[in-house]
Amino acid sequence: MLHIVDDEEVIRDSLVWLAQSRNIPAVAHASAEDFLSACEQLQFDPGGDCVLLDIRMPQQSGGALFDVMAERKLTDRLPVIFLTGHGDVPMAVDSLKRGAFDFFEKPFNDNKLMDRVEEALASSRKAGESAAVQVRLTNLSAREREVLQLILAGKMNKVIADQLGISMRTVEVHRAHIFDKMNVKTAVELAGLLK
Amino acid sequence: MLVLLSLAILTGLPWQAQRMEASDKQAQLIADTLWVEQTIRFQLDRNEETVGLIAADIMRGQLSPKQFIERTRPLAGNSREISRLMWMDPSGNAVAASDGINISLLQLPPSTQQAAAQAAKTHLPRYSQPESPDNTDGALQIDYWLPMFADDHYIGLLGITYQVASLLDDMVPWWFAQDNQMDLLDDDDSVVAQREAGGPGRGVYTHRRVLDLPGLNLILRTNSVKAAPKLMPNLLVGTVIVLSLGLAWTLWALSRDVNRRLAVEGALREQVEFRTAMENSLVTGMRARDLEGRLTYVNPAFCAMVGLSAEQLLGRLPPMPYWAAEALGEYQKRLAEISAGTMTPQGFETTFQRADGTRFPVLIFEAELRDETGAHTGWMGSILDISERRQAEELSYLQREKLQSSARLASMGEIASTLAHELNQPLAAISSYATGALNLLNDSATTNSPRDALLKPVLEKAAAQAQRAGQIIRSVHAFVKQREPARLPLPIRTVIDTVQPLITLQAQPSFVKVTIVIAPDLPPVLADRVLIEQVILNLTRNAIESMQQVPPARRQLRIDIAAGMTVAHHSAVTVTITDQGHGIPDDIAERLYSPFFSTKAEGMGMGLNICRTVIEFHGGTLTHSVNPTGGAIFRFALPAIDLTASTLTSEATSEAGMINPRVTGTHSTT
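Those protein sequences? They're chains A and B, same order as listed. The first sequence begins at 40 in my numbering and counts up one residue at a time. The second sequence begins at 6 in my numbering and counts up one residue at a time.
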């Protein structure tokens, strides 16, 4: 989901239109305050999230909003791309140093901006996935985690059974539980997930 | 010394005079006494002579007792001292007496008898001791006995009886008796006769004179009734003393006068010294001219001003050596004005020439010179060299010009920037709409309707034109903004020092009191000096204008410079400008920074917008709030340079260059 934060309505509308033309779901927020209140019940999009942030806004500026987001450690799941006018460059540079994804100076090339938005979405997705994997890993039992390590080391079920001193049958049950909990079908897929 | 001498004279002189007078009087008395004695003696001698003549007649036998009486009676009558004359025969019986009463010798007092016997015995006349005969009332008498002989044969005695008292009473003139008490004393100093017509003697001037008579020693004692001379008895001494006192007073008055004169002279000298020092210390040139325009006085400042010595200037008549050739007409006109008395007391500006030919502007004030009688004698002029003032004025004017031009440049840049921003929004929207539409068309390429084929190039053109417009704006912006603000480390104090006189200049016409408080030990800030000056001037101008309608006592502008934080929590220097003006209404506050928004009739509405842009360019923020005591507070923060991190300045510059190549490009040219 692309979050567009800009005080100018025509900009919001045109950017939403542009994003949709690239099949990127987008939602517009008229101010930093609106966006922050939306963040309260925000569901992360599995397809990734991104924030297009206008630096200069009447009340809370883009820079200030970014500071709040950085404080709440949201910038991994919500990468921020700044939109700047002339003269806002130093502030944008400063934000970049503190972890903004990118900044575009107006007037910008729209499709290049959308390309960068897609990259941000991918980055967000990845951050979201790795976060999900971490959550799934916490669901594994201690024995299952031992078995997982051996599977990732490429050991056959028999070798695992011997090494752990359990039956083949038990290993297979563990393996099935692990695949189930980690939401994978094959060992290769599992390895890819935990790479 | 003089005083002691005067005193000595003053005391000595009367004393001397007294002494002299006393000795004079004494000498006088002695002389008088002698004279009296002589008088008495002379009278007695005459009487003796008379008696001698009578005796001679008797001795020749030519005088009968009857004739004797006839001859002696008038004698006794005329000479009052003679009480009687008598003729005794050798046995002592009276032959005849002037008063006709014959008293024998034996009836006379013993001393007389003794003296008569003595006279007869010695053949020499003799006086008897004073004694009072029985028949008198105790009045003392003396007798003169002249023995008579005829052929050495004693034939008797002639006697004169004197009243002792009448010796003094009748023989001494009255005028003498008036002044002196006179006594006749016998050998035992007992008084035998006394006359004190002028009262008793004072015992001051006395003299004794022996009245030596045969057989009798009487002492004539005179005692003046005059008292001892007083210390200042006479006019002379009095006059001398008065004169001396007058002299002393004159001396005193003279010394007082001299002292006063010395004091006045001292004061005058001091005054002259004071005036000379004053004249020498003056930076104002002074010159005096008489009615003909001749220089009669110049002070050192004037000499230094025109580069000529006083000797070269004094006595000169116009044209003066310090007159600039091109201004001659002006001088003459002025001189005529001054002579006519129509000059202005405010002074006038003109140009003078130094000895080396350089010109300098002067301000001249002229005043009439009058002598002690009030007669007009000339003109005194004070001349101020105002070249420094002129220079300062020109400098200030240039400074203002420079600031204004840079302000204009900055404003143009900011207008362009703002225009770019404002136009970029709709252009960006157009571009986005077109791109989005194209994206959709491309996405649905499979359908490829003929209408899509028509639409696609048009949308592409629209997007391209929007992009082009954006580029044009950008290039114009870049062109106008030739001078990219250059941020350099600088102490905020230098900025304040520059703007302070201008703020004062702004504030003066509105009688706004300006207070500037700068916290000590502030770190330097990274800023474009001219831009920050403009921001401060803009904010102070707004503040001053906002206070024009409030009571003068409330017209206070305060500028506080203190350490603070930026939004990004960097250390910063905050500048707070507080006024007590009409404040900012809420509806205006919303649009305060909007471009082309102004509450002023002639305002362009760029001031605060530019200010905010400038401050944000510096990485700071410009905020405003309501002053609790009325009015508004504007505050901005500028990032400060952390002096502990010495590399920060170069870092900041290189960062800016790395990320924004355009900035770097202009940087290298500035």
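Wrong hints could be hidden among the right ones.
[Unchecked claim] Result set (BS3-like, lysine-lysine): computed pairs, CA atoms no more than 27 Å apart in a straight line:
1) 112/A x 165/A
2) 151/A x 461/B
3) 197/A x 165/A
4) 136/A x 151/A
5) 466/B x 151/A
6) 165/A x 151/A
Just so you know, the hints here were simulated from the structure itself, not pulled from any lab data.
Cross-check of the supplied hints:
1. With a C-alpha separation of about 16 Å, the suggested pairing of residue 112/A with residue 165/A holds against the 27 Å cut-off.
2. Restraint check: the Cα-Cα separation between residue 151/A and residue 461/B comes to about 19 Å, which is no more than 27 Å; the hinted pair holds.
3. Using a Cα cut-off of 27 Å, the hinted pair residue 197/A and residue 165/A is violated, with the two alpha carbons roughly 34 Å apart.
4. Taken as a hint, the residue 136/A and residue 151/A pair is honoured in the structure, with Cα atoms around 22 Å apart against an allowance of 27 Å.
5. Straight-line distance between C-alpha atoms of residue 466/B and residue 151/A comes to about 18 Å, which keeps the hinted pair within the 27 Å bound.
6. Distance hint between residue 165/A and residue 151/A is fulfilled; the C-alpha atoms sit about 21 Å from each other, no more than 27 Å.
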